[in-house]
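Novice: Spelled out from the first residue to the last, the chains are:
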Amino acid sequence: MSTYVYAITGADHPLRLDDLQGVGDPPSPLRAVTSGPVAAVVSDAPPGLRAKRRDVVAHESVLEALMADGATLPMRFGLLGPDDERVAEVLGRDAPAYQERLTELDGHVEYHLKAARDEKDMLLEIMEGSEQARELNRRTRTDPGAHDERIALGELVAREVAARGEAQAEETTKRLSPAAARLSRSEAGATHFLNVSFLVPTASTDSFLKAVREEAERLGEGYNFTLTGPLPPYSFV
Amino acid sequence: MTLVQQSSATSGGSGSGNLYDVLELILDRGLVIDAFVRVSLVGIEILKIDVRVVVASVDTYLRFAEACNRLDLESGRKAPTQLTDIVGDMTESGAKGKSKGALSGAVEAISDTLHRKSEDSEEEPSRRAARSSTSSRSSAKREE
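Protein sequences appear in the order of chains H and Z. So the first sequence is numbered by my numbering: it starts at 1 and just counts up by one. So the second sequence is numbered by my numbering: it starts at 1 and just counts up by one.
All clues given are correct.
Derived EDC-like pairs (lysine to aspartate or glutamate); straight-line CA-CA distance at most 20 Å:
hint: 1; chain 1: H; residue 1: 120; chain 2: Z; residue 2: 59
hint: 2; chain 1: H; residue 1: 120; chain 2: Z; residue 2: 72
hint: 3; chain 1: H; residue 1: 120; chain 2: H; residue 2: 160
hint: 4; chain 1: H; residue 1: 174; chain 2: H; residue 2: 187
hint: 5; chain 1: H; residue 1: 52; chain 2: Z; residue 2: 28
hint: 6; chain 1: H; residue 1: 120; chain 2: H; residue 2: 221
hint: 7; chain 1: H; residue 1: 120; chain 2: Z; residue 2: 66
hint: 8; chain 1: H; residue 1: 52; chain 2: Z; residue 2: 24
From chain H, some residues computed to sit far from chain Z (all C-beta separations above 12 Å):
hint: 9; residue: 10
hint: 10; residue: 11
hint: 11; residue: 13
hint: 12; residue: 14
hint: 13; residue: 16
hint: 14; residue: 17
hint: 15; residue: 69
hint: 16; residue: 106
hint: 17; residue: 107
hint: 18; residue: 174
hint: 19; residue: 177
hint: 20; residue: 178
hint: 21; residue: 201
hint: 22; residue: 202
hint: 23; residue: 203
hint: 24; residue: 207
Honestly, the hints are just simulated from the structure, not real lab data. Every residue gets a Cβ at the ideal spot worked out from N, C-alpha and C, and that includes glycine.
Next up, chain H with everything else stripped away, as it sits in the complex (with noise of 0.2 Å):
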């Protein structure tokens, strides 16, 4: 049966596995598995293990915990090593290079901010500041031939957003980046202008919403921000 990781610790975590419950129906009790200085917490994986609700909700919910009682990496959902032996055999053979990493994470936690604008309000000021945007729409809404027009609309106003919300993140990310210690910025998606994430010291984590909720304040009505955390640093490993 394969072994299924969950996370690496140092081996000075406290490692309070008893309670947690990992992946699987019934959920698999958790094991650590030691090499020298790093511990691997690992359960039996599943036969015929998928990405299911349950199964990634169990993943985050053992992280969770054990990010709670000391520095922790996060590994990828659905990671599975042969057995035990190859785990601890791997383990050992990187261990500086996770030792490493830990002591760099200690004390850290990650924010995952989505941010996106109230699409309305958008396209009122992309009117506001375009008489040919303007222009168009005058002639697109009073003659439903004028295919041509609209698709000049479309392609005016799908520039604008795309523009306006390329600036915005650069803008918010720059105001936000000293309230961290790092962040990883990735593909913001159709919905929002901004998706990222923050590494934030655990002693700074109030200066640090304190930051986010002065920039949606300052950016005011019309934006919508989401933020998630704390998390493992899953970003930032």
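Let chain H serve as the given structure and place chain Z on it in line with the hints.
Specialist: Just chain Z now, with coordinates in the frame of chain H:
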């Protein structure tokens, strides 16, 4: 503005209602060990498709044009700053509801799929992307 602050993917009154917002972190980031294998994520394609392709499509242009045609230009924009509305410990539904529009069609469908499936913990949290909300919805249905 709205700031929704949520503690984690697994806590909170709605059970694991916030999972959607961190799914990509759990499934697509985190440490990997090259020598090991990963379970199949078939049916869960993280949104790696190039969003620019979706944005630069005739479908999107037409939706934007329609959205512009519907605007009430007389009433103008909202005042830049009004009463602060900080909502603590809410699920993501509060924020998502406000950001619907022409662009959000495709991802909205994915989100719908996820939320629908989330009612049954046996199901996989799917995130299928497609070029338009129509085809996304139909592909989501096929998965069920």
